[in-house]
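Mind docking chain P on chain R? Use the hints.
Okay, here's what each chain looks like letter by letter:
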Amino acid sequence: MLPFVVALKPGEAPYRQVVYAATKAIVSGELMPGASFPSVRELSQALKINPNTAQKVVAELVRDGLLEVRPGVGTLVTNGRRASAAERRALLSAEVEQLVVEARRLGLERDDVVNAVSARWAELFANGRD
Amino acid sequence: MAVVEVDSVSYSYGAHQALHDLSLSIPEGALYALLGPNGSGKTTLLQILMGLRRARKGRVSLFGVDSDALTVQDRASIGYIAEGQSLPAWMRLDQLEAYLAPLYPTWDRALAAHLRERFELDPTRVIKTLSRGQHMKAALLCALAPRPKLLLMDEPFTGMDALVKDELVRGLLESAGSEGWTVLLCSHDIGELELLADWVGFLANGRMSLSQTMDTLRGRFKRVEVVTDGVDTLDRADLDDWLSIERAGNRLTFVTSNANDGFESQLRSHFSTAAHVDVRDATLREVFVALAKESSSRTSEVAA
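Protein chains in written order, with my numbering: chain R, 1 to 130; chain P, 1001 to 1304.
In isolation and in its complexed conformation, chain R is listed as follows (with noise of 0.2 Å):
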């Protein structure tokens, strides 16, 4: 079992969707730092996805300081680094084109989709939380 929910799907690169799928599970905190993370053979196994892209996955997620590899532990999410607003900012960045985009075909107006997100946040925190 992995500690995050991927579902891949085709027409975009693998390698790319996990990258994704794992960097939000540890931005969002559902994988807490300190937490183990699969090895690329358990992570290419449980996807079942090249071994190779699997390595790729894991060296992209070190490189950006969210995972560690320790010899002989295995490989942990890090806990020296909060992302950035910023960074957080960015992961949903696809989502907003898609929103956008698809607002646009629709015919709707910038305020149409502000008003929209705007009343859907509300229904969703309405005990005051945000």
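Simulated from the structure, these hints should not be mistaken for lab results. Fair warning: this is a prediction, and the values are worked out from it, not measured in the lab. Please note that the accuracy of each hint is not assured.
As the list claims (entries may be wrong) - Using C-beta positions, here's what the derived DEER-type ranges look like:
| id | chain 1 | residue 1 | chain 2 | residue 2 | range |
| --- | --- | --- | --- | --- | --- |
| 1 | R | Val100 | P | His1016 | 54 to 64 Å |
| 2 | R | Pro71 | P | Gln1212 | 28 to 38 Å |
| 3 | P | Ala1113 | R | Val100 | 54 to 64 Å |
| 4 | P | Ser1008 | R | Lys9 | 56 to 66 Å |
| 5 | P | Ala1076 | R | Ala85 | 51 to 61 Å |
Stated by the list, open to error - Calculated pairs, DSSO-like style, for lysine-lysine (alpha carbon to alpha carbon, straight line, at most 30 Å):
| id | chain 1 | residue 1 | chain 2 | residue 2 |
| --- | --- | --- | --- | --- |
| 6 | R | Lys9 | P | Lys1165 |
| 7 | R | Lys48 | R | Lys9 |
| 8 | R | Lys48 | P | Lys1057 |
| 9 | R | Lys48 | R | Lys24 |
| 10 | R | Lys9 | P | Lys1293 |
| 11 | P | Lys1165 | R | Lys48 |
As the list claims (entries may be wrong) - Residues of chain R placed beyond 12 Å of chain P at every Cβ, according to the derived structure:
| id | residue |
| --- | --- |
| 12 | Met1 |
| 13 | Tyr15 |
| 14 | Asn52 |
| 15 | Val73 |
| 16 | Leu76 |
| 17 | Glu102 |
| 18 | Glu109 |
| 19 | Val113 |
| 20 | Val117 |
| 21 | Arg120 |
C-beta: ideal position from N, C-alpha, C; glycine also.
Chain P alone, transformed into the frame defined by chain R:
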């Protein structure tokens, strides 16, 4: 180093030429998916690599050694599963393993035992009593247990149900060596290969029409969907590198084989009046269909 090197190979069955001046190079560590329509020459190519057929023209080398000069030890490091691989029907699986093990210096008993368990195979079963899926699993076990440096598989998934396919893929990945393990796999089950392969080759009418990494392929082949009001825009939409063009009402979809950096902005300015332009990586299936259609239309043009 290229583990498999094919240089200008031709092969004929009587008057029918199955391979035309075919060249192919597979680097060490690749999981190479060889795709192509029925009759495109995939099996012939694999048989030539295995030395089961002799190329009439051209050269083949494996591990940098000319295929005619391969030693017994070289051959012991190559695994091969033929299409519908037959196994000695009267043997029990444990007898077959005991028979094969001494032939391979690198036979790994622990791996064989692990795969038997993973595949839920009973070692005391006589092979002819195995179901089709179990038979394929037994064949894969026998090919993987020697930990081959090169594994060739001809349609291993054909006729297998989804569960068996899944187990075969897992078995394959579990025994994957960390380095220097090269796999050449031909299959019609493109869905399985989309995530598994990191190299892809398309064979059409005995010629390689493409051979490259999955990453390059994903960069080059895009699927485009355009929704437009103007019919005239659609009529201009016929460029050479647009494949699988389909029109339905005011919706146009196609696969492009040549997406470069400026492609998307060019496309958007070409369809500046369109209500909707959507570009994404083409799936392996979409690429396969596009190339297969293109090659068959080219053949009929030549014939006509």
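_Under the constraints set out in the numbered hints, which ones does this structure not fulfil?_
Violated hints (numbers, rising): 4, 8, 13, 14 and 17; every other hint is consistent with the structure.
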